[in-house]
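A.B. asks: Residue numbers (UniProt numbering), protein chains in the order written: chain S, 1 to 333; chain L, 1 to 254; chain C, 1 to 539.
Among the hints, erroneous ones may be present.
Said to hold, decoys possible - Straight line, CA to CA, 27 Å or less: simulated DSSO-like cross-link-like pairs of lysine-lysine: (1) Lys47/S - Lys146/S; (2) Lys301/S - Lys330/C; (3) Lys96/S - Lys304/S; (4) Lys330/C - Lys47/S; (5) Lys318/S - Lys330/C; (6) Lys137/S - Lys80/S; (7) Lys330/C - Lys46/S.
Claimed, not checked - Taking CB as the label site, the calculated pair distances span: (8) Ser131/C - Gly99/S: 56 to 62 Å; (9) Glu326/S - Ser131/C: 55 to 61 Å; (10) Gln132/L - Ala312/C: 55 to 61 Å; (11) Lys133/L - Phe291/C: 51 to 57 Å; (12) Gly288/C - Arg237/L: 49 to 55 Å.
To be verified - If you want a taste of the chain C side facing chain L, the calculated C-beta under 10 Å gives, among others: (13) Asp39; (14) Ser41; (15) Asp48; (16) Ile251; (17) Ala332; (18) Arg364; (19) Arg365; (20) Arg369; (21) Ser370; (22) Ala444; (23) Ala445; (24) Leu447; (25) Ile449; (26) Ala450; (27) Trp452; (28) Arg454.
The hints are simulated quantities; they were obtained by calculation from the structure and are not laboratory data. Just so you know, even glycine gets a beta-carbon here, dropped at the ideal spot from N, CA and C.
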Amino acid sequence: MRRLFSLLLSVAAVAAFAAPAAAAEKLTVYTYESFTSEWGPGPVVKKNFEAECACEVDFVSVADGVALLNRLKLEGASTKADIVLGLDTNLTAEAKETGLFAPHGEVSGVTVPGGWSDDTFVPYDYGYFAVVYDTEKLKTPPASLKELVEGDPNQKIAIQDPRTSTPGLGLLLWVKSVYGDQAASAWAKLKNRVLTVTPGWSESYGLFTKGEAPMVLSYTTSPAYHMIAEKTDRYQAASFSEGHYLQIEVAGITANGAKNPLLQKFLTFMTGPGFQDAVPETNWMYPAGKTDKPLDPAFDKLVKPAKTLMFTPEEVAKNRKAWVDEWLSVMSK
Amino acid sequence: MSANGHKSAAVQLDDVAFSYGEATFRFDAAFPAGAITAVMGPSGSGKSTLLNLVAGFEAPQSGRVLIDGVDVSKAPPAARPVSMVFQENNLFSHLSVERNVGLGRSPSLKLTADDRAAISAALERTGLAGKQKRLPRELSGGERQRVALARVLVRDRPVLLLDEPFASLGPALRADMLDLVADLHGEKGMTVLFVTHQPQDAERIADHVVFLEDGAIAATGPARDFFAGTGPEAFQRYIGTQDGRSRDVARKPT
Amino acid sequence: MHSFRRNDSRITLGVLALAFIATLIGGALVGLLAAGAGDLSGAVSAFDPYLLRVARFTLWQAALSTLLSVLPALFVARALSRHPRFFGRTLILQLFAVPLALPALVAALGVLALYGRAGYFAGILSSATGSDWPGIYGLSGILVAHVFFNLPLATRLFLEALQAVPTDQWRLASQLGMGPAATFRLIEGPALRQALPGIAGLVFMLCITSFTIVLTLGGGPAASTLEVAIYQALRFDFDPARAVALTALQIALTAVVVTLLARLGADMTGESSLSVAPRRYTTPSVAGTAFDAALIVAALAFVAGPMLATVAAGLQADLARLVGEASVQKAALTSILLAFVSAVLAAVLSLALAMARRALALARRNGPRSMLEFFTDTGAGFVLVVPPIVIGAGWFLALRHLGSVFGAAPVMVAAVNAVMAMPFAIRAVRPAYDAASERHERLAAQLGIAGWNRFRLIDWPVLRRPLATAFAFAMALSLGDLGVIALFGSDSMQTLPYLLLARMGSYRTADAAGLALILGLVCLLLVFAADRLGKERTA
C-alpha cells in the first residue's frame, strides 16, 4: 500500500514539476498538440519569443482545434488561457458566441487569400484542402471536383467524417460551395468512390500511405512534407479547376488575456518572422505574416488554386448542422 | 484461555427453530457437559444443521443456543467456545501442517514461543511429529484429519463438534482416530458432539446418543441403552434395516 | 450457509469500491447535467430516425462481434485447458493480452495489412474471387477487428473459469471414464456456461462502444455507433444534455442485452474440496489433440497475424533513434507508471467487489439477489458503456471551479482507467475467489480468520495467479488508453499512444509504426512481469 501511495505521489509530481514556477511573467497559450510537439512550431516559437520578452511561454495543448474550443467552453471564464491559438475559420463564429474572447486591437502585416478584417481573431497560417494522390497508383488524377465525383468508382478515396474532423468538414463545405443545392446528389455519386470515412485525418492518411486507397482528402501542402522530409515526389495534390476550399488558422485573446501586458507583444511576434518562418516546415501550412526566410523550393511545386473557395464563419455556423445532416442522410443510405 | 484446564461446557438448544428452503427444523435439546454425544439420524434429518447452529454457521430463526449457560445465538463462529472438524476442507492447502495448526492459536499466525511449543506438543500428541513442514497434499486422508485434531488441541475450546470427520477413512484407521478422540477427550474433558452414520463408531466412544428424524429430536438417551437394543423404535428401524451401514455413506463425493 | 455476515468487512470494502466507482461516474453525469440542464432541446432532438438506424447497427454489430469472439473462444479456452503443458503455451497466453493494449487505429491498420485492398492476402484473395479484392470495409472489417481484440480476451477469461474447476471433478471425470463429449457436457460446459454471461457481456460492452474501428473500417456513416453520436454531441455540438441522454440510451440498450445474456448462464455451485495441484487426469485422444492443436494454431494465427504486420511495419521505423528520443522515453515511463497505478487500483477494486459479492451471496443463501449484490457483479460492469469522454468532460465541468484541472489530471486518468479495467479484472478474480471461498469459508469463520489476516494468509496465496491475470489485463488496457488521456492529457503528461497518434497526425507514419511496436513490447514486458508476479513462490 505504501508503495502504491508513493507511486501515486510520483505521478502527481511529474505533473507538478512540469508546471512552471509562477515567478516570471508568463503567457499561457492554449493550442493543439501537433503545434507543440517537438517537430511542430511550438518549440521554436517558445524559444524565440522567450528570448524577445524575457518571460515564460506556457503551452497547454489538446487534440485539435475543435477540442481547443471545447476545452475553452469546459473551462469557461475560469480559463487560464491568455491566448488561444489554433481555431480555424469554421469555428470562429461559435468561439465568438462564447463571449470568452476580447478584441485583438491593432495588428498589421497579415495577408491571407481573400483578405482579413475580423476584430477578434488574428490569422497565423492558412492552407487549402486538396485531394492528395499516390502517383504510383493513379496515373491520371481527377482535374476537378466534378471528375472526382463522377470518376471510376474503383479508384477509391479515403475521407474524414465532418462530424468529427476538420478536413472532413472542409470537404463537406468544398462540395457545398461548388455544387450548392446539388450537393446531395454529388455526394450520392461520390459515395461509391469513398473507401471509408474515418473519424480523423490520421486514420485516413494512414490508410492512404499504407496503399489502401490511392487518394485521400488532405491539404495542398501535404506533398511538401514528403518532398522535403522524405525526399519523394510520390504523393501529389490534384489541382481542381473549380478552386480549392481555404482553411485559415487563427489565434484569439481571452478576456483574461487582454489584461496581460505580454499579449500585444505576442501578437506582433506571431505575425512576424520569429513565428512565421517556422510555419511552413513545421506546421506544413502557408505563413500568414511576414517572413525573413524564403519558402523551400518544394513549396513552388505545390498546387496553387486557381480560385479560393470559402464560406464566411457566420454562414458555416448557421448551416453546419443542416449540411451535415444532409451529408449524413445521403452517406448512410 | 489456559492450555491445561479441564474445561467443559453444557450445550443447550432452547427451542431453536430454523428453516432452509423447504426443510424446517426444530431442536430442543441439552448436551451434558464433558460427555461425548453421538448425533445420529437419517440423511436430511438435520444432523449437520444442528452442528452448524451450535458452531454459529447458521442462525436460529427463534430460540436460543446456550453454551455453558451463555446465550451465543448472536455470536459469530470464532467467538464461540467451539472447535469443529469437518468431513473435508479442514486445512488450507497452501499452508504447511505447522501453520495450519498455528492458525488455531492465532488467526494472524503471530506465534509466541509458547504457541510454538504447544503446536509441537499437539503434533507430537496426534502422531504427526516430523511432518511440520508438509503441505496437506503430501499427507494421507487420515493424517489430514490428525492435523485438524492437533489444531483442536492447541485451540483448546470447551466444546468440540465433529461432523463426520472420519467418514472417508477405512475401518482400522477410523478406529485409531476414534481412540485418539477418546484419548483427547479423556485429557481435556471437553463436551463433544459427534455426527456419525456408523453405529459402531458411536458405540465405541459415545456416552449419549441424540437421534434425529425429520428435523427434530426423536429420542435421546445413554448410548448403552441405544445399542443394547432397548433404544427407541425409530432408532432400531434406522440401524436395523440398514444393518449398521448407512445408505448414504458416500453422500459427498470426495 | 453462513448467516453472520451483515457486518462482514468484505461487504464494507465492496460498498467502498462501489462508492468510488459511483462517484466517478455519477460526478461526471452530475457535472454534465448541471451544465446542460438549461437547454434540453438537444437531448430531445437527438432521437431522430438516423439515431434509430445507428442504434440498430450498434446493437447488430456488437451482437455479431460478441458471437464471433465468444463462441470460438469457448473452444480455444477448452483446448488450452486440456493441454496444460506444451511449448509456447505461456507465450500464447501472454500474447493474448497484447491486443487490448493496442490503440484501435494500430489494430485497424494491422488487420488491413493482412486483409485490406493492399494487404498481404489481397493477391491471393483477388485471384480466388476473380476480381480485385475490395478489402474488408464494412461490417466484415468491423467484425474481424473486433474479434481480433476480443477473442484473445474471452479465451483468457474462459480459461480462468476452467482453471477454477476443482481438481476432484477432473479426477471424477477420468475415474468415471468420461469421454471428451461427456467431460464437456458435464464439467467444462457448466463451468463455461457459468462464466459465459459475464464474459459475453463484457465483450458486448466493448463492441457496443467501439468507435475508431467502426468508423475506420465501416466504410461510411451507415456503419456508426451511439458512441460516435455521444462523441459528436460533446465535441462538435457541445451539448451536455444530449450527451447524457445518449449515454443513458447506450446504458439502457446494454442493460437489456446483458439481462438476456444472464439467462444463458446457470448458477452453478459445485461442491469442492481440498484442491491438489491443478492437474488434468484425462488424456485426450490423438484426434482430440489434433483438433485442439488446430484450434489453438488457428486462433494464434488470427491474433498474431495483425500483430506481426504491426511488428513488420514497426521494424521499418528508425527504432534506435525513437528509443533514444527523450520524449519517447518520458512517454514510455509515464505510460508504465500510469498503467501500473491503474492496474493496482483496478485489482483492488475488483477484489473488493468479488469479495463483497461472495459475502452477499452467502448471506442471502437462496433468497433473491439484492441490488447491492447485482452492483458488485454485473452492475459495476456498466461503467464500460459510459464513454470516457463523458466522464472526462463531466469532471472537467465539475472541477473547473476548484482550481487546477491539470493538477487532477494524473489522478483522474489513473482512476478512470482503473474503473474501466475493473470489469475485466473482476472476470479473472471472481471465479477463483468464489472457489477459494467455497473451500475455506467455514474454516476461516470457525478459526476467526478475517479481514487483513484472511487476505494475507488465506486469500492472497490462492488469488495470486488470477490477480496477476487481472493486473495484466488492467495494465494492458490502461497502456492503450486514448479516451481519457485525450481530454486530460497535457504536455506534461504524454503517454505512448498519445505520442503515437500525435506522430501519425503530423505525417510521421513510420515513427507511429515504430511506437506501436514499442508499445506492444512494453505491454508484453508488463504482462510477462505480471505473470512472474503471479507464480507461486517455490517454498
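A.B. asks: It remains to establish, for every hint, whether it holds in the given structure.
C.D. replies: To see whether the hints hold, each was checked on the structure:
With a C-alpha separation of about 46 Å, the suggested pair Lys47/S and Lys146/S falls outside the 27 Å cut-off, and the hint is violated. This hinted pair does not check out: Lys301/S and Lys330/C have alpha carbons roughly 38 Å apart, beyond 27 Å. Taken as a hint, the Lys96/S and Lys304/S pair is broken in the structure, with Cα atoms around 31 Å apart against an allowance of 27 Å. Proposed proximity of Lys330/C and Lys47/S is supported: the alpha carbons are some 21 Å apart, at most 27 Å.
Between Lys318/S and Lys330/C, the direct Cα distance comes to roughly 44 Å. Violation of the 27 Å bound is thereby established for this hinted pair. Of the pairs offered as hints, the one joining Lys137/S and Lys80/S is violated, with about 48 Å between alpha carbons and a cut-off of 27 Å exceeded. Taking the CA atoms of Lys330/C and Lys46/S, the gap is near 20 Å; set against the 27 Å cutoff, the hint holds. Our hint of 56 to 62 Å for Ser131/C and Gly99/S holds, since their Cβ atoms are close to 57 Å apart.
Range check, Glu326/S to Ser131/C: Cβ separation about 33 Å, and the 55 to 61 Å hint is violated. Checked against the given bound of 55 to 61 Å, the beta carbons of Gln132/L and Ala312/C, roughly 57 Å apart, stay inside it. The given range of 51 to 57 Å is broken by Lys133/L and Phe291/C, whose C-beta atoms sit roughly 43 Å from each other. Distance hint check for Gly288/C and Arg237/L: the Cβ-Cβ separation is about 51 Å, which falls inside the suggested range of 49 to 55 Å.
Hint status for Asp39/C: violated, given a least beta-carbon distance of 55 Å to chain L, over 10 Å. Nearest Cβ of chain L to the Cβ of Ser41/C: about 55 Å, over the 10 Å cut. The hint is violated. Against a cut-off of 10 Å between C-beta atoms, the interface hint on Asp48/C is violated, since the closest Cβ of chain L lies about 52 Å away. Annotation: Ile251/C was flagged as interfacial toward chain L, and the flag is violated, the nearest CB pair being 35 Å apart, outside 10 Å.
Interface hint status for Ala332/C: violated, as the beta-carbon distance to the closest one in chain L is roughly 36 Å, over 10 Å. Below 10 Å, beta-carbon pairs count as interface contacts, and Arg364/C has none with chain L, the closest being about 13 Å; its hint is therefore violated. About 7 Å separates the beta-carbon of Arg365/C from the nearest beta-carbon of chain L, less than 10 Å, and the hint is met. For Arg369/C, the interface hint is violated, the least distance from its beta-carbon to any beta-carbon of chain L being 16 Å, above 10 Å.
Among the interface hints, the one on Ser370/C is violated; its C-beta lies about 18 Å from the nearest C-beta in chain L, farther than the 10 Å criterion. With its C-beta approaching chain L no nearer than about 8 Å, Ala444/C sits inside the 10 Å limit, and its interface hint holds. Satisfaction of the interface hint for Ala445/C is found here, the shortest Cβ-Cβ separation to chain L being roughly 4 Å, below the 10 Å cut-off. Look at Leu447/C: its Cβ gets to within about 5 Å of chain L, closer than 10 Å, so that hint holds up.
For the restraint placing Ile449/C at the interface with chain L, the shortest Cβ-Cβ distance is roughly 4 Å, inside the 10 Å limit, so the hint holds. The beta carbon of Ala450/C comes within 7 Å of a beta carbon in chain L, closer than 10 Å, and the hint placing it at the interface holds. About 8 Å separates the beta-carbon of Trp452/C from the nearest beta-carbon of chain L, less than 10 Å, and the hint is met. Satisfaction of the interface hint for Arg454/C is found here, the shortest Cβ-Cβ separation to chain L being roughly 8 Å, below the 10 Å cut-off.
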